[in-house]
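Q: From first to last, the protein sequence lines stand for chains A, B and C. As numbered in the working numbering, residues 1 to 247 make up the first sequence, in order. As numbered in the working numbering, residues 1 to 236 make up the second sequence, in order. As numbered in the working numbering, residues 1 to 602 make up the third sequence, in order.
Think of the hints as simulated: they come from the structure by calculation, not from any bench. This list has only true hints and no planted wrong ones.
What follows is a set of in silico ranges between Cβ atoms, one per label pair, in the way DEER data are often shown:
hint: 1; chain 1: C; residue 1: Tyr91; chain 2: A; residue 2: Arg12; range: 36 to 44 Å
hint: 2; chain 1: B; residue 1: Asp173; chain 2: A; residue 2: Gly15; range: 16 to 24 Å
hint: 3; chain 1: A; residue 1: Glu126; chain 2: B; residue 2: Glu6; range: 47 to 55 Å
hint: 4; chain 1: C; residue 1: Gln220; chain 2: B; residue 2: Ala64; range: 54 to 62 Å
hint: 5; chain 1: B; residue 1: Gly9; chain 2: A; residue 2: Arg12; range: 44 to 52 Å
hint: 6; chain 1: C; residue 1: Val276; chain 2: B; residue 2: Ser8; range: 55 to 63 Å
hint: 7; chain 1: B; residue 1: Glu6; chain 2: A; residue 2: Thr59; range: 51 to 59 Å
hint: 8; chain 1: A; residue 1: Thr59; chain 2: B; residue 2: Gly139; range: 28 to 36 Å
hint: 9; chain 1: B; residue 1: Ser8; chain 2: A; residue 2: Thr23; range: 47 to 55 Å
hint: 10; chain 1: B; residue 1: Gln118; chain 2: C; residue 2: Ser216; range: 53 to 61 Å
None of the values given here were measured: they were computed from a predicted structure. The beta-carbon is built from N, C-alpha and C at its ideal position, and this holds for glycine as well.
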Amino acid sequence: MTVLAVTGLQKRFGGVRAVDDVTFSIVAGEILALIGPNGAGKSTCFNLINGQIAPDHGTIHLHGRDITGLAPRQIARLGVGRSFQIAAGFASMTVRQNLQTAFAAHHRQSWRFWHDAMGAHIAEAEALLARVGLVAQADRAAGVLAYGDLKRLDLAIALAGAPGLLLMDEPGAGMALAERGALMRLVQKLAREDGMAVLFTEHDMAAVFAIADRVVVLNRGKILASGDPASVRADPLVQARYLGAGR
Amino acid sequence: MTYLLEASGLSAGYGRATILDGIACALPAGAITALLGRNGAGKSTLIKTLIGLLPPRAGAIRFAGHEIAGLPPWRIARLGIGYVPEERRIFTDLTVAENLMVGARAPDDGQPGWTTAQIFALFPNLAERAHASARQISGGEQQMLAIARTLMGNPRLLLLDEPSEGLAPVIVDEMIAMLARLRDGGITMLVAEQNLAFAGRLADHALIIETGQVTWTGTMAALQAAPEIAALRLGV
Amino acid sequence: MSFFLTQTLTGLASASSLFLVAAGLTVIFGVTRVVNFAHGSLCMLGAFIGWSILTRLPRDPAWFALGVLATAAATALIGAALEIGLLRRIYRAPELFQLLATFGVVLVLADATLWLWGPNDLPLPRPPWLRQFVMIAGSRFPLFDLVLIAIGPLVLGGLLLVFHRTRWGVLVRAATQDRDMVAALGVDQRLLFTSVFALGAGLAGLGGVLALPAGSANLQIDLAVITEAFVIVVVGGLGSIGGAYLAAVLIGVLQAFGVVVLPGATLVLVFVVMAVVLVVRPYGLLGRDRGQSRTDAEAVILQRPAGPWQITAAGIGLALFLAAPLLVGPFGMAIATEMLVAMLFAASLHVMMGPGGMPSFGHAAWFGIGAYGAALLAQNLATPMPLALAGAPILAGLAAFAVGAFIVRLSGVYLAMLTLAFAQIVWAVAVQFVGLTGGDNGVLGVWPADPRGFYYVALALCVGGVLVLRRIMFSPFGFALRAGRDAPARAAASGIDMTAHRLAAFTLSGAAAGLAGAIFTYSKGSAFPTYISVSHSVDALIMVLLGGIGSLAGPIIGAIAYTGLFDLLLASDFWRARLGAVIIALVLFFPAGLAGWAERRR
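Let the sequences and hints guide you as you build the complete structure.
A: So, in C-alpha cells, the structure goes:
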C-alpha cells in the first residue's frame, strides 16, 4: 500500500533548481533513505513534503490524498510525523509530560482548559516511554537530557501522533556512534511493528546501508540513482559523484 | 615543529549541551591543518571557540605567546586570528568594497599589510564587482569575499569553516590554489572540512574530532595512506 | 487647498522632531539590540539643558544654533556615560531585563530632572526672529516650522552620508546586520557601541531642544516622546533610518490632519495606522526580519506544581489574609487589598509572559479597561456590583482578543512595544474623553455597599482567580501553550495551533487583569488614568521578574514583596529615583529573578 507518492516535484530558489523533477513513493512499513551531498536538495525535499514550503510544480499524495500546498499543521494532522535534525523537546516539562502533551494534541484535546494534563494519557505515555527506552528519564526535565535521550524524546513525540509516515532529518546528527546505531535499530523496529513508512536523510552511510530498504540518491536537485542499498552502492555513477572512490 | 596555536582541556557548548569535551590540539606554524569529523562532531564549535565567539567553559588556548581563552572576539582577532565562518556571514547590506573596509586593520608591528589593490589582484572577480551590493554576487564570490575580508585584517592564523561547501568544482580548484599560495606566504590555517577529497588536496596535517574530542592527529599523507582510519573515524 | 498645504507643512514640521528622536532610537537598537526606554528621557534632558543654555545666550539665530549644538553634545555625553555605566553590563541579559533596566533609568532621570529644574514647565522666551511668520498660499506659517521641516531631511541626509562615506558608518551598518561577525573581524565593540549610543542620545537631545520654541521643557516629555518614537521605529522598521523618516512623516502628517478632523482621537488613529502597516509588513515599512532574538540567555526552568512546603506557606498566607480584618487597622486593610489585587494582576501577566512566551509592556491596559469598565457600568448604567465585577473581565478579555488578533504572531521586542503602544492609547482615551471618563479627575464614588464584606469578596475573587489561572496552566491547553513556547516547530509538527493558543492565553490574561482592575476600582471607590500608566504596567513586570518567571509562585511572592516595598518607598520624596535604582540593581545583580537566584543557590 503506497503511503507517500511524490510526483514531478520542483522547487526553485532564485535561479537555482533546488529540487528538480523528483518522483518517488514509499509503501507502508518501508524505510527509504534520501542521500546526497550538501546542497543536493534533501532538506528542500523534506520541507516540501512536510509543508514548510510549497512546490513550484509537482504533486504530493498521502494515502492517495493530494496534500500539495497544505500547511505543516494540516499535514501533521493527516498522519505525517517528523523528527528534527536539531532535536527539540518541550524543555520546561518532564519527559512524561512531553508525551502527555503530544498525546493530548493527537487526540485533539489541547483546547481543554479544565482537565488535569498530568492525569491524562498516563498509560499511553508509559507504553511509549518503554518502547523508546526512556522509562528511567520519565520524571526529568526535557531541558536537561543528554543529547541522545533528547533525540529519543523527539522521536517519541513524533510517534505519539501515530504517524503513517515518519520523516527524519539526519536522525544520527550529533550523536555518538553507539547511540546512533541504537536509535536507527529502534526506528527499524518501530517501522516493522507499526507498518509505518519512514523517509530519512543521513550523512552516515553505515546507518543508511544498515537499515534502509531502499535508497534514493539526489544530486543537484535531481535523482541520480535509486534502488536497494546494495545496487545503489554498486552504481558507478553514485560512486563517482557521491560516495567517492575506494568505497 | 613549532606550533602557532596550542589548546588544551578545552570544553565548550551551547545551553546545557556540551559539544567540546576537553579537546587538546596544536596547529603547526606555516602549515594547513584539516579539521575533520562528522556532522555534529564539534568542528564549527571548536572554530567558534578559538575565535572567541563561544566562550570556553574550561581549558587554555595559547596563541603566539598570548593566552586567549576567554578574551572577546575582537581582541583575539587583533592578535592575528582571522575567521571565515561556514555561512560566510558577509554583510549583504554593504557593497563588496565596504565589506573589505570592515575587515581592514593595519598590522600592529608597523609592517605593510594587505591593501585593497593587492586583494583585488588576488581576487579579480571581486575587483570587477567592488561597488556591487554583496547581496547580488554569486555564492563563489561571496566565499572569496569572506576570505578577502578576513585577509584585510592581516591575520597570522586563518580559521576556515567548510570553505568548499556549496561551491562548483571549478571554484573549489581556484580556492585550493589560492589558499596554498597564502600558506606559502606564511599564513597558518585550520580548515574544517567534511569533504575528505578536498582536505586531501589542500592540507598538510589533519585532526579528527569525534563527539567533542580529538581522536586522531597526524599528517594528511598518513591519513590518506590508511583509508581504514577515515572509514572508522569519519564514516566515509 | 491652503488648508491641506498648511496642515501638511505643520505635519512635516512635527515629523522632523519625531524623526530626530526615533532615528536615535533605531540606530541604537540596530547596533546594540537594546530597546532604550530612556530615549524619551534623553529627549527631555535635551529640552531642559537646551532651556538652561539658550536662556543664557544672546537671542539671535547664530547663538541659537550654537546653543542647540551644545545641547546635542551634552546629551551625547550623558548617553555615553549611560552606556558605559549601565548598558554595557547588560548586553547579554534577556531583552526584557534590558527594557526594564532602561525604564529604571527613566525613573532616575525623571527625579533628577525634577530635582535640578523644579516641577514647573519652562517655556523658552521667544525672540522676535522665532516669532516670525511667512505667508504661504495666503495663510501665515511660522518661520521656525519651515526651519524644522528642512532640518529633518538635512539630518537624514547627514546620517546617510556618515553611514555610507565613513569607515565608522560602514562599521555601524555592518554591526547592525551581524555584530558578532564585526567583532570577529577585530572591531572594538565597546567603542562602537558607546559611540553609537552617544550619537543616538545626541539626536534625542537635538529633538528635545528643537521642540522647545513650540512648547516648553516639562516633565511629561519623557514618556510622551518614547511612545511616539516606539511607534515610529516599529512602523519604519527596527534599525532603519530611512524607515524612521518615512514613518515620522506619515505619522506627523496624519496627526496634523487628525487634530483637525478627529480631535481627541489622534492617538487611536496612529494605532490604526500602525496595525495596518504591521499586518501588511510585519517588520515595518523598510524593516527586515532580523532573525530570532537570542533565547539561550533565558534558561528554561522545569515548571512543576507546588510542593508540600509551598502549599503550607500558601495556606499560612491565606490564613493571614483571612484573619487580616482582626489583625490590622484600615491602613493595613488597604495594603492587604492592594496586595491581593497585585497578586491577580501579576499572575495574569505571568500567564502571558511565562507559559505564553509573550512579553508585555502594556499590561495596565487590560487592568484599566476592567477598572473603567466596572466604574462606568456602575455609574452610568447603575449596574449592581456583582454584574459590574463580571462585566469588567469580559470587556477586558474582548479588548485583549481584538488587539491580540493582530499582534500575537509577533515576537519579543515588537510584541512588547505594541502592547505598550496600545496601553498608551487606552490611557489617552481615559484622559481625553473627558465626557465619558472624567479625564484626569477620574470616575469617582464607586463604592461597594459593605466595605468589610467587600474585602472578602476581593479575597475570594483574587485567590480564586489565581487558582483558576493555575488550573488552566496545568491543563492540556496550558501544556500545549508551553510546548509552543519551548519548541515552536516541534509543537506545530505535533498539530498544535500555536497562534490560536497564544491568542487564547492573551485573552485570558487580559480578562484576569481586567478583573483585578475592577476589584481595585471598588476598593478605592474610583478609577483614574494612572491605573493605565506606563509605570503601572512596569509595576506588574517588576513583580513577575522580581519573583521569577519560572513558576506561578514567582509573581505571587513578587506581588506581595513589591507592594510592601512600594508602600515603603512611596512615603518618601524622590521615590521614583529610589524605585529606579532598585530596578537597575535588580537587573544587574539578579538577572534570573529572586526565585531563579534561590534556585541557583541550592
